[in-house]
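S.K.: Residue numbers (the numbering used here), protein chains in the order written: chain A, 508 to 743; chain B, 305 to 632.
There could be a bad hint or two in this list.
[Said to hold, decoys possible] Computed list of lysine-lysine pairs in DSBU-like fashion (alpha-carbon distance at most 30 Å, straight line):
no.	chain 1	residue 1	chain 2	residue 2
1	B	K419	B	K409
2	B	K481	B	K419
3	A	K564	B	K419
4	B	K353	A	K570
I should point out that these hints are in silico values taken from the structure, not numbers from a laboratory.
Bear in mind that the values here come from a model prediction, so they are computed numbers and not experimental data.
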Amino acid sequence: MLEVSNLSVSYGGLRALTDVSLSVAEGQFVTVVGPNGAGKTTLFKTISGVVRPAAGKITFFGKDLATISASERAHLGIAHVPEGRQVFKTLTVRENLEMGAYPAAGQAAWSRTLDRIHTLFPILHERAGQLAGTLSGGEQQMVAIGRGLACAPRLLMLDEPSMGLAPAVTDTIFERVQQIHKEDGVTILLVEQRVAEALELSDHGYVLETGHMVLDGPYETLLADDRVRKSYLGLT
Amino acid sequence: MVGPRRRRNQVDIESLIENVANAVTAGLTIGCIYGLMCIGLGLIFGIMKVVNFAQGEILMLGMFASLYLVTGGGILAFLGPYIGPFVGALLAGPIVFVVGALIHKFLISRVSGLKTAGTIDDGHFGQLIVTLGISLILQNGGMIVFGSTPFTVQTPLSSSAIEVAVGYGDASVFLNKAKLIACAVAIAVAFALYMVMEFTRIGKALRAAADNPTAATYMGINVDGYYRMAFGMGCGITAIAGGLMATYLSFGPFVGFDYVIIMYSGVVLGGIGSIMGAFWGGLTVGFVQQVSALVLPPQLQNAAIFIVFLLIVLLRPQGLFGRSAERA
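So that you can see chain A by itself, here it is in the shape it has in the complex (with noise of 0.2 Å):
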C-alpha cells in the first residue's frame, strides 16, 4: 500500500536522507530501527508531507502523493502519531480525539472508534473532559495514538511512541499497539529505538543509519545479522 523509492531528503543543503527505499503492505507490521539522527522522523514527516523531499517518489495505494498536500494525506488514511507526542495542549482529551476524527472516515465510525478507544486506554475515558497538557507523558501518548485512531486510519505510523516514558508504560503501549495490528487489522508503521521489542512485534524491519536504509528483512534475518546483533541488541 505505501511504496517509498529512492527518497531523498535535505534540509538546506544538509542531506537527512539518501535514497532511502521502503515498502508496506496492507496489513503488515514494519518497523524502522535506527540510531538518533538516522533520518527516522524525517522519513515520517516526508510520508505525511510536513517535509518535501528533494528526490524520489511515495506512492499509497498506488497514488503519487507528490501533489496532495499534507492535511490532505490524513483524508487518504494516513495517520501520524508524531515524535514526542504533540497533543493539542489546551484542548481537553475528548477534544483532541475528535480532532484526529477530522477527516470524513473518522466522522463515519466516530462512535465505534471512541468506544475501542476507551476500551484500548480506559484512562482517557475517566480523563475526557481534562485538558491534555495536564496529563503525564505515558497519558499523553495514550491520547496521541488514540487520535490517531480516531481517523480510521489505513496506515497508522508511530513516531517512537516510547520516548521518555517508564519502562512499565512503555510496555502498555507496545501491548496496545500490538492489538490495534492484531485485533482491528491495521497497518502499522513503526519507528523505535527500542529496537529489540519493535522488532519483535514486526513481520518486516529496515535498518536506517546516517540516512541510508543499511538493511532489511524479516525479524528472523535481522537478529541473526551481526550488525543488528552487535550495535542494537547488544549481543554478541
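Please arrange chain B on chain A, whose structure you already have, making use of the hints.
M.R.: Structure of chain B alone, referenced to chain A:
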C-alpha cells in the same frame, strides 16, 4: 439655618450617587462594545500568533461599511434610522470578513502560518512591517476615498435615554438607547462566537490549529485555510464593534489609532492568547476609562487606563484569564 444645609448635603450626595451610577453604567455598556472590538484582535493573535497593527483601521472600515450601508442611497436605508444602524453594523461583519480574508490571502499568508513556522523569527518581523504598511495604506486610502470630514451613523436613539431611578432621593441613571442596544448586540455576538469556538467542529479545528499547527496538519486540518478564516473572523468581529460605535461616535479615516491602543491593552489584560479573555479585558478598559472621568479630566482618561493596565500586569503577568495548560 440647619434645614437648608441638610437639604444641600442631600443634594450633594444625590448628585454624587447619580454621577457614579451613570459612570458605572456607561463604563459597562461601552466596555462591552470595547470587549467585542478586542475579541477581533485577540482572535487573530490567539489563533495565528500574528500581531495585527492594522486592526484599528479594520475598525474604521467597519464604521464606514455600516455608514455606506445605512445612510444616503445605502441598501439598508429602507430599514430606517432605528433598526438600520444596528443591522448595518452586523452586516459590516461579513463585508470586512471578506476584506480580511483577501488581505490574508495576498499579504499576511506570505509572512505567516506554516510557511514561516520554524524560521528564526516565525515571520514576526515580516508581519510587523506588512500590518503596519496595511494600516498606513488604509488610513491614507481612507482619506482619499472618504475625505476628512467627520461622519456619524445618525440614529435618533443616540440622543434619547431611558431614565432609571437608583433608589436614593431623586438620583437616577440615564441609559443612552443607542449605546444600550449596541451593548446588547455586542454581548450577543461575543456569546455566539464563544459558542462557535467551544462547541462546533470549526471552532475546535481553529483551536487545534492554534495549539499545534503541525499536529493539526497530521489530523487533516488545512491550517492555512483555517488561519485565513481566523483572520477574516477577527476583522469581521472588530468591524461589527466599529459599526456599533459609529452610532454614537463621530469618526474619520484616522479613528483607528485611538482605538488600537485600547484594543492592545484589552487583549493583554485579558491574557494573551485567550480569546474570550479579550472580551473581559476590553470590558475592564472601557469601565476604567468611563469611571475615571469622575475624577480626571478627559485628556487623562487614557492615562488612567494604563495605570490600571500596569497594575494588573504587575500583579497578574499572565493577564486576567491567561492560563497555563502545561503540567507543572
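S.K.: Hint by hint, say whether it matches the structure.
M.R.: Against the structure, the hints come out as follows:
1. B:K419 with B:K409: Holds, at about 13 Å.
2. B:K481 with B:K419: Between K481 (chain B) and K419 (chain B) the Cα gap is close to 47 Å, so the pair fails against 30 Å, i.e. violated.
3. A:K564 with B:K419: Distance of about 23 Å is within 30 Å: holds.
4. B:K353 with A:K570: violated, 35 Å
This entry does not satisfy hints 2 and 4, going by the numbered hints stated previously.
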